[in-house]
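Novice: Sequence:
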Amino acid sequence: LKASTREIDVEDAGKVVCANRSPITVETKAGQGLLWCTCGRSKSQLACDGSHDGTNFRPMMFRATTTETKYFCACRQTSTPPYCDGTHLRMPQDAAGKFYLPNSFR
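My numbering puts the sequence shown at residues 1 to 106.
Treat the hints with caution; some may be incorrect.
Unchecked claim - Simulated restraints, written as ranges between beta carbons of each label pair:
no. : residue 1 : residue 2 : range
1   : 94        : 71        : 17 to 23 Å
2   : 63        : 43        : 20 to 26 Å
3   : 11        : 61        : 27 to 33 Å
4   : 44        : 98        : 27 to 33 Å
5   : 70        : 43        : 20 to 26 Å
6   : 31        : 11        : 27 to 33 Å
7   : 31        : 97        : 29 to 35 Å
8   : 65        : 14        : 28 to 34 Å
9   : 60        : 86        : 26 to 32 Å
10  : 30        : 106       : 18 to 24 Å
11  : 65        : 97        : 17 to 23 Å
12  : 56        : 94        : 32 to 38 Å
To be verified - Listed below are the simulated SDA-like cross-link pairs for lysine to any residue, each with C-alpha atoms no more than 25 Å apart in a straight line:
no. : residue 1 : residue 2
13  : 29        : 65
14  : 70        : 12
15  : 70        : 54
16  : 98        : 21
17  : 29        : 9
Hint data in this document are derived by calculation from the structure and do not stem from the laboratory. From the three backbone atoms N, C-alpha and C, an ideal C-beta is built for every residue, glycine too.
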């Protein structure tokens, strides 16, 4: 499979990248929205930058309903997307940057 400027290994097209082994803290504002990267490949974490092209993933629309601190998943293994549920604590210490099948650590 070929994305616009890079190739995606077919074997990895159905896998997510652990962008970070800890959540991303965000101060949300009511009404504010973003496209949350579901694949972990985005260079502008946590927002989608189109790096999912050629994979089985699409971004998830998030719109804040309240103004508060939220913790977004960066390991892409959460059962409560886009929020962190602590699943990263079950991942190897060196997980960041590696490919995993979704739901591998639940």
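Novice: Taking the hints in turn, state whether each one holds.
Specialist: Results of checking the hints against the structure:
1. Separated by about 22 Å at the C-beta atoms, residue 94 and residue 71 satisfy the suggested range of 17 to 23 Å.
2. In this structure the supplied range 20 to 26 Å holds for residue 63 paired with residue 43, their Cβ-Cβ distance being about 23 Å.
3. Between residue 11 and residue 61 the beta carbon distance is about 29 Å. The supplied range of 27 to 33 Å therefore holds.
4. Distance hint for residue 44 and residue 98: a CB-CB separation of about 20 Å, inconsistent with the stated range 27 to 33 Å.
5. With their beta carbons about 21 Å apart, residue 70 and residue 43 fall inside the hinted range of 20 to 26 Å.
6. About 40 Å separates the C-beta atoms of residue 31 and residue 11, a value inconsistent with the hinted range of 27 to 33 Å.
7. In this structure the hint that residue 31 and residue 97 lie 29 to 35 Å apart at CB holds, the actual value being about 34 Å.
8. For residue 65 and residue 14, the hinted distance range of 28 to 34 Å is satisfied, since their beta carbons lie about 32 Å from each other.
9. For residue 60 and residue 86, the Cβ-Cβ distance of about 19 Å falls outside the hinted range of 26 to 32 Å, so the restraint is violated.
10. A hinted range of 18 to 24 Å for the beta carbons of residue 30 and residue 106 is inconsistent with their spacing of about 31 Å.
11. Checked against the hint of 17 to 23 Å, the C-beta distance between residue 65 and residue 97 comes to roughly 33 Å, which is inconsistent with it.
12. Roughly 25 Å separates the CB atoms of residue 56 and residue 94, a value that falls outside the hinted 32 to 38 Å.
13. Distance hint between residue 29 and residue 65 is fulfilled; the C-alpha atoms sit about 8 Å from each other, no more than 25 Å.
14. A hinted pair counts as satisfied when its Cα atoms are at most 25 Å apart, and residue 70 with residue 12 does not qualify at roughly 29 Å.
15. Annotation: proposed proximity of residue 70 to residue 54 is violated, straight-line Cα distance about 30 Å (limit 25 Å).
16. Simply put, residue 98 and residue 21 have alpha-carbon atoms about 10 Å apart, close enough for the 25 Å limit, and the pair holds.
17. Of the pairs offered as hints, the one joining residue 29 and residue 9 is violated, with about 37 Å between alpha carbons and a cut-off of 25 Å exceeded.
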